[in-house]
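Asker: Residue strings, one per chain:
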Amino acid sequence: MRSQRPIASKRPRRLTTWAQGLLALYPREWRDRYGDEVGAVLDDFPVTPWTLIDVALGALDVRLRSDLLPRRLLSMAHRIRTSEIAIFAAFVLYCLAWLPLHFVADTPSVWQPTAQAHPELALALGALNFAGFLATLAILVGGIPLLIAAFWRALTERHWGVALRLALPLLAALAVTASAGFLTFSLTVRQAGRVVTPLASLTSALRITLGLTTIVILGVCAATVISAIQRSDLSLPVARFALIPAGLATVAMVVGTLGGLSLLTLVSVEGPQLSAPLPLEAIVALLLLAAAALAIVALWRGVRAARGGSATGEQAVGG
Amino acid sequence: MRTGFSDLGRFSDVSLLILLSLAAGAKHGYAIIEDIERFSGTRVEPGSLYGALLRLEQKGWIEALPAEERRRPYRMTAMGTASLRQQVATLQQIVATGVERLALA
Chain Y
1 MRSQRPIASK RPRRLTTWAQ GLLALYPREW RDRYGDEVGA VLDDFPVTPW TLIDVALGAL
61 DVRLRSDLLP RRLLSMAHRI RTSEIAIFAA FVLYCLAWLP LHFVADTPSV WQPTAQAHPE
121 LALALGALNF AGFLATLAIL VGGIPLLIAA FWRALTERHW GVALRLALPL LAALAVTASA
181 GFLTFSLTVR QAGRVVTPLA SLTSALRITL GLTTIVILGV CAATVISAIQ RSDLSLPVAR
241 FALIPAGLAT VAMVVGTLGG LSLLTLVSVE GPQLSAPLPL EAIVALLLLA AAALAIVALW
301 RGVRAARGGS ATGEQAVGG
Chain L
1 MRTGFSDLGR FSDVSLLILL SLAAGAKHGY AIIEDIERFS GTRVEPGSLY GALLRLEQKG
61 WIEALPAEER RRPYRMTAMG TASLRQQVAT LQQIVATGVE RLALA
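Residue numbers (this note's numbering), protein chains in the order written: chain Y, 1 to 319; chain L, 1 to 105.
Everything labelled a hint here was simulated from the structure, so no lab data went into it.
Keep in mind the model is a prediction, meaning the values are calculated, not measured.
Where hints are given, some of them may not hold.
Said to hold, decoys possible - Pair ranges (Cβ atoms, derived):
#1 L:A67 / Y:T17: 41 to 47 Å
#2 L:Q92 / Y:I148: 55 to 61 Å
#3 L:A67 / Y:V216: 20 to 26 Å
#4 Y:D43 / L:R101: 55 to 61 Å
#5 Y:L280 / L:E69: 46 to 52 Å
#6 Y:T177 / L:Q58: 28 to 34 Å
#7 Y:L57 / L:A89: 40 to 46 Å
#8 Y:L137 / L:Q86: 33 to 39 Å
#9 L:Q58 / Y:G39: 46 to 52 Å
#10 L:E69 / Y:P46: 37 to 43 Å
#11 L:Q86 / Y:R307: 29 to 35 Å
#12 Y:Q116 / L:A67: 41 to 47 Å
#13 L:T97 / Y:V297: 55 to 61 Å
#14 L:E69 / Y:T213: 46 to 52 Å
Using N, Cα and C, we set each Cβ at its ideal position, and we do this for glycine too.
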C-alpha cells in the first residue's frame, strides 16, 4: 500500500506481462481460485516495478500461509472434476440399462405389429435411443478434451502411472474394436444374395456371452479411466469446459430415463408378449433411476463448485 | 486494538480500507482499488489486495459472489460489518484522544 502516487499515463505492457507471469509463483489452488480475477486486475492496473515486487511478495505470503486457503476454494477444480466423474459413472449405468432395453425389439415379428398397434411404444423406444445417442455424443465432446488434457499433463509432468491408466483402456478399446471389425468383415458371407453377418448366425447363449464380455471390458476401461482422471491434475478451465457437455448428458439421461420407464410400463400394459423376465425389468428400471439421480446430484454439485461455493440467494451486483 | 483486525498482521490496514470500500456495496478487485484510492488517496497493489481478500474471506468478513466473466465481486457479511463498526469506533476513540491531547499541548 502506498500513498498519493500519480497514476501512470502510459502503461508499460512489458511490466504487465511480467506481473502476469509472476502469478505462476502462486500455488495452483490459489491460481484456480484467484488467478483469473487478479489477471483481470493487472490488465487494468498501472503496473510499476513495485507492483512486481508486491505480486512476488504476495506469492511468498500465500506459499508460507497456505493454511489460509479455505477448503472449499482449494478444492474447486477437484470438486468440479469429481462431479464430472460421477456424471460419467451415471452414463455407464445408463448404458447398462439402455442396451438391454432393446430386448423389446429383439424379435421383429412380435415387435413390429405391437408397435404399429401402439405407436407410443415406438415413441418411448425412440426417446430412449435418441437420449442415449445424445448423451454419448455429449460425453465424447466433454470427455475427449478432458482425457487429452489429462494425458498430456501426465506426460509433461512425468506421472507415468496416470499416463498408463489413460493409455491402456484406450489401446484395449481400439484393439477390441479393430478385432471385432476384422472378424465381422472376414466372417461376413453372402447367402442367396443377402449379406449375413456372423453375429446373426450365433446362438443366443454365445451372443449373451459376447455382450457380457463387451460390458465387462467397457466397465474395466471406464473404471481405469475414472481412476486416472481422479489422480490427474486438471486445470480449472478444462474442468469448467467439460461441465457444459456433462450438463447436456445429464438432461439427455433424464429424458432417456423417462422414455425407458415409459417403455417398461407400456410393455407391461399393452405388449406383455414383449416383456422380459420381471427381475431384469426391475434391474433396468433401477439402473435408469440411479443413473438419472446420480447425474442430477453430480451436476448440481459441479455447477455450485464452478460458481465458487454457496451461490444460493446471492444477488447480482456490479463492481 | 482488541478487534479481530490484529490477527491480520501487515494486512490489517488494507483490510480496513477494503471493508470501508465494501461498506458502500459489492465490488470486484479493481473497483475496490479505485474506490480506496478515491476516498483515501492510497493505491493498494494487487498482491496486497488479494492477500487481504484471502484473509477476510477466511475470517468470514466478506464473501465472493458469482464471477462476472473474469471479475468476481465481493460483499461484506454481517460479521464483517460488526468488525468494521467496532474498528471504526476504536479509531474514533484514538482520533478523539489525539485531538484532545494535541489541543492541550
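Asker: Hints first: check each against the structure and report whether it holds.
Answerer: Going through the hints against the structure:
no., hint, in the structure
1, L:A67 / Y:T17: 41 to 47 Å, "violated (23 Å)"
2, L:Q92 / Y:I148: 55 to 61 Å, "holds (60 Å)"
3, L:A67 / Y:V216: 20 to 26 Å, "violated (43 Å)"
4, Y:D43 / L:R101: 55 to 61 Å, "violated (47 Å)"
5, Y:L280 / L:E69: 46 to 52 Å, "holds (50 Å)"
6, Y:T177 / L:Q58: 28 to 34 Å, "violated (51 Å)"
7, Y:L57 / L:A89: 40 to 46 Å, "violated (32 Å)"
8, Y:L137 / L:Q86: 33 to 39 Å, "violated (57 Å)"
9, L:Q58 / Y:G39: 46 to 52 Å, "violated (22 Å)"
10, L:E69 / Y:P46: 37 to 43 Å, "violated (21 Å)"
11, L:Q86 / Y:R307: 29 to 35 Å, "holds (31 Å)"
12, Y:Q116 / L:A67: 41 to 47 Å, "violated (54 Å)"
13, L:T97 / Y:V297: 55 to 61 Å, "holds (58 Å)"
14, L:E69 / Y:T213: 46 to 52 Å, "holds (49 Å)"
The structure fails to meet hints 1, 3, 4, 6, 7, 8, 9, 10, 12 from the earlier list, while all remaining hints are met.
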